Every structure is written in structure tokens, then in C-alpha cells.
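Input sequences plus hints: build the corresponding full structure.
There are 2 protein chains.
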Amino acid sequence: MKKYGFGVDIGGTTCKIGLFETTGDLAEKWEIPTDTSEEGKNILSDIAASLRGKMAERNIGKDEVEGIGIGLPGPVQPDGSVLLCVNLGWKEKNIPKEMGDLMDGIQVKAENDANVAALGEMWQGGGKGCKSIVMVTLGTGVGGGIIVDGKIVSGAHGAGGEIGHITVNPHESVPCNCGRKGCLEQYCSATGIARLAQEALAQDHEVSVLDKAAGISAKTVFDAYKEQDKLAGQIVEKFARILGKGLSNIACVADPEVFVIGGGVSKAGEVLIQAVNQYYREAAFPSCVHTRFALASLGNDAGMYGCVKLVLE
Amino acid sequence: MKKYGFGVDIGGTTCKIGLFETTGDLAEKWEIPTDTSEEGKNILSDIAASLRGKMAERNIGKDEVEGIGIGLPGPVQPDGSVLLCVNLGWKEKNIPKEMGDLMDGIQVKAENDANVAALGEMWQGGGKGCKSIVMVTLGTGVGGGIIVDGKIVSGAHGAGGEIGHITVNPHESVPCNCGRKGCLEQYCSATGIARLAQEALAQDHEVSVLDKAAGISAKTVFDAYKEQDKLAGQIVEKFARILGKGLSNIACVADPEVFVIGGGVSKAGEVLIQAVNQYYREAAFPSCVHTRFALASLGNDAGMYGCVKLVLE
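If you read the protein sequences in the order shown, they are chains A and B. Numbers 1 to 313, taken from the working numbering, label the letters of the first sequence in order. Numbers 1 to 313, taken from the working numbering, label the letters of the second sequence in order.
A few of these clues could be false.
Think about it this way: if two alpha-carbon atoms lie no more than 20 Å apart in a straight line, the pair counts; the simulated EDC-like pairs of lysine to aspartate or glutamate are [stated by the list, open to error]:
1) A:Lys238 with A:Asp211
2) B:Lys181 with A:Glu282
3) B:Lys62 with B:Asp104
4) A:Lys131 with B:Asp149
5) B:Lys131 with A:Asp79
6) A:Lys181 with B:Glu282
7) B:Lys41 with B:Asp104
8) B:Lys151 with A:Asp149
9) B:Lys131 with A:Asp149
10) B:Lys54 with B:Asp301
Since the hints were made in silico from the structure, they are not lab data. Since we're looking at a predicted model, the values are computed, not measured.
This is the structure we're talking about:
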């Protein structure tokens, strides 16, 4: 194994770049803007220039770099190419080939960003020491990534780990962004929790600090929950019951060692884990009752970590 | 790769044994009784004697055998050992070690029987040509096996692919064998379909051939369904809706290339696949709508096939 690897997590506005030692230590991280103009034609060359600059600055030779892992905001084919990446303006593109050519043949691999985040958390984050994890990202939506035996489960149609779109409520009348109704994401994302809160506020309820809140977000709800606000308690309970039961079903499929919970909503911390874990245990298949729950610990760097891990296999 | 491999699917009453060419062709199959007396202490030596006998008969040398794969009716640890196998009378036992010693050091691997059946169907059965499948076995219960990239997903607690115990009905009052309520198995197993039929018969309904049936089984129901019996149609529709929706959720986790449907109930054939696929498509996440459905084609030999595939990796 060579000494260094690069992890590059390409987002719609910035690319997060990490120089890692292949032991797993992050040596340095920085960001460059993502130039999505002209169908994103400069994105890879901008990244290549940045990596070359860093190698020159640190006097790192090409032969000291094990590889470059790239995370992309969209579906990625098994060979690392994309057919369409709306967020970057890309149409058909063979990332490992193009980036490899730009970097004198250094090995390049590419994967979906949610999947590399899961891989990163398994390697150096909340799932460290495990080989099989389910990562749940509670953000604007609910994303997921599944790692089995240290490998990403991308799925035959790129839908591996799309756990935000498990149907949890067949009676839902409001459609999800995916066009279906009753998806996990509709209740357990930041948006979903705010919606649960609006619904609770619209019904008869005891006086709550949420009555006077300027705007209701998942954070407002969890802050009130930590202050023992009763209404917030009901909202968190509903959220935790839906997520806990949903994860108990996922355990009957993937049976991970640990569920790693990340994304903005997970900043609520241990109280969130405890609430979800309680409902999970009540619903779980007997052999999976004791599956661990952990908070993600790499935050926005998870993708970068996972990217570099891709090339260390 | 050597020329031969043995697949041994150990059940509670018989061991199914197959001699395979490593190309995937079954050269010969036979059965021996499973002697579960005295904590099953003779099971492995009986099998070893049978394998040795076959090798002598066919003049196959030890160096021509790639390995012996063994399927077991219970949870198997990642190293192929078992902690407890009630159906065979075994307590702690290291199968690869014991069987390897009995067979002059030929490579031995062991796995759970439902998982090897899935692997067998992927290799030479309904999922042939695929690397990622979800196998659904509709028998007395509902079993499952998940193969990702050609590898069995056993799970951290042996519950990988335990899809019969996904909760599909939170309002169920009758408990499942697992102690929980509303599991897929309670509606989609042979027993479950018979129960759906009893419920339908207990309600007001048009005259049905099922009214006069001596006993109601899944077969009776599907036979009546094929004859356009209206009540049977309602029962099959309910079964298919529950299974189709359940599998649509599994697609958001494992996203296989194909769902392979096996077990006794699947003898109903293409009509079953069509009914389930229809409800699956209605419920599926957009990128997984076109996931294929196929009937299992190896029947009771699937486990034997999967066993030998274990040792070809």
C-alpha cells in the first residue's frame, strides 16, 4: 500500500477534498468551488489542478499515491461512470477514465455520495471496527447507505440503501418527492419532523414552547424535547416510532452490526438515538434486538473518508 | 479449479448430496438419512463415509475435489461453525474443521440452508446470469436469502434475508411464530394463504368452489384462482398485494436484479408471479419498477447447488 490517497466529495456547489494517509489519518482537507457552467466540463480538470498543486506543495510523487476516490451526487454505474448527473450538469461520463487521464494514470474510483458517506462512517466514524453497517442520513430528505462485509451495496439500479423511500404509512394522502405516498422520508427527515410538528400544533394540545417559536424546524422540536416539553415529546415519539419500526424491517434484510445515524437532524444527539432505539427494540426480530445504534461522527467529511477508502481495497 | 465439488444439504430427516462438476453440472445426486440420535454425533461421519464411497466408486481422487459445501438448518457463524443447531441435535461444533479432518483436509465451507438455496438459484436456477438476487421461499413459513455481488448476505446476527419477518400489518392481533405480530409470513406462507382463505370464507361471499373444498390449502386457493373463482381471486389479490408491497420495500434496501420466488406455494407458477409483480410495480420506488421476477427452478436441489457454489469462490 502506498502512503497517500485522495478523497474528493463533489457536491453541487463545492468539492471537498481530503489528502489522507492510507492508514486512515486525514493529513489535510480543503474545498474548491464546483463549476457547473458549460455542462460541468471544468469540474474534473479543476480538481486535477488542485490535487497536482497539493502534490507539488508537499512534494508527493505520483508513485506515492494509492488512488483517488470520488463521490458524486447521483447514481453511479458499477464501473464508476455516470449516465446523467443533473446536479453537476453532466451527461454520459466515464469518471475513472477521464480523471485517470488527467492524473497520469493514478487509479480512480467513483461512487454515489450517500454510499461513500456510509463507507466513511464504517471506516473511521460511528461504525468504526464494523464491517456491516446501515447508515441513515436524516437531512432535508432521508438518505441511506448499506455496507456489507466492508463493501457498498449499490444495488442493481442504484437504489441500494434508498431507505428513505420505504413505505411506512399506506394511509398517507400527501405525496413524497418520489411521487409515491407514505415514504419514511415524509416523517423522519428534517422537513418531515417539521411537518409532524405543524400537524401536532394544529390539534388541541397543552401549552408548548413550540406555540411561540418563530419557525418550527427539527432543531426547535428536539430543543423543546430536551426541555421536557410535552408536545415536543409527542412529536419525537411519533418520529422515533416510525423510524425505529422502519429500521427493524431493514434489520430483517441487511442485519447490520450497527445503525449509524447522521445528517443535520442527528445533531440532536444521544436523545435521538435513545428514542429511536427504544422503538426499534420493541419492533425488532428477536435475533436483531441488540443491534447497536451510533451517531455518525465524521459530519460533512464522511464522504471524503469513504472516497479514499474506495481506492484502498 | 479442480474438476469436482460436493454439495451437502443437511436436513432434519435426510441429507441431500450432490456430486458436481465445477462447471455447474450435477453429475449425480443421492440421499442418506440424517441420524439425529446421540446429539447428531454420527451425521458428519455418515456423510464422510458416503462421499468416500462415491469417490471410490467413481475413482475420483482427493486432489480432484475442489471442496465440500454444507448447508445447515439453523444459524451458521461466519467461520462455518454453529453454536446450536436444534434440528440436528448439535451444540457448539466447528463444521469445516471436523468435516475437513474426516475428509483428509479437503476444503469445507458451511452456511445456512436458506442462504445456500438462494446462492444455488443465483448460480444455476431462476437467477442464473445475475449476481444480485433476493430469493423468497414461500413454504410453511416465508424464508429468504439475499445475494449481493455473488455473495450471501448472512447478516451480523444470522438474520440477513429473514424477510418473512418484515412487519407488513401493524394492526394484526394474532401473533407470528416469532412472537411479534403482522409479519409477512403470516399472510404469504402456505399457512398464511390458508388463513386468508378461512377469513374470506367466514365472510359473506358469492358461491365459490372453495365452499365445498375438503381442506383449504394454498394449492386449493390457486387452483380455484386459475378457474376464475371470484373468492379465490380476492384471496390471491390480498396475498399478492401484501407480498408485492413488502418486496417493494426490500428493493429500497437490497435493490436486486431479480426476485426469485420458490417454495411449495410457488408451484402455482406464472400466475403467482404475475399477480405479485403487478402489486410490486404499483408500489415500487421508480428506479426499481422494472426489477424482474422469476420462479425458482431448482426445487429441493437448490441448497445442494448453493453448497457446492460456496466452495468455488
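Right, here's what the structure says about each hint:
no. : hint                   : result
1   : A:Lys238 with A:Asp211 : 19 Å, holds
2   : B:Lys181 with A:Glu282 : 11 Å, holds
3   : B:Lys62 with B:Asp104  : 8 Å, holds
4   : A:Lys131 with B:Asp149 : 16 Å, holds
5   : B:Lys131 with A:Asp79  : 15 Å, holds
6   : A:Lys181 with B:Glu282 : 11 Å, holds
7   : B:Lys41 with B:Asp104  : 19 Å, holds
8   : B:Lys151 with A:Asp149 : 10 Å, holds
9   : B:Lys131 with A:Asp149 : 16 Å, holds
10  : B:Lys54 with B:Asp301  : 19 Å, holds
Consistency note: the structure conflicts with none of the earlier hints.
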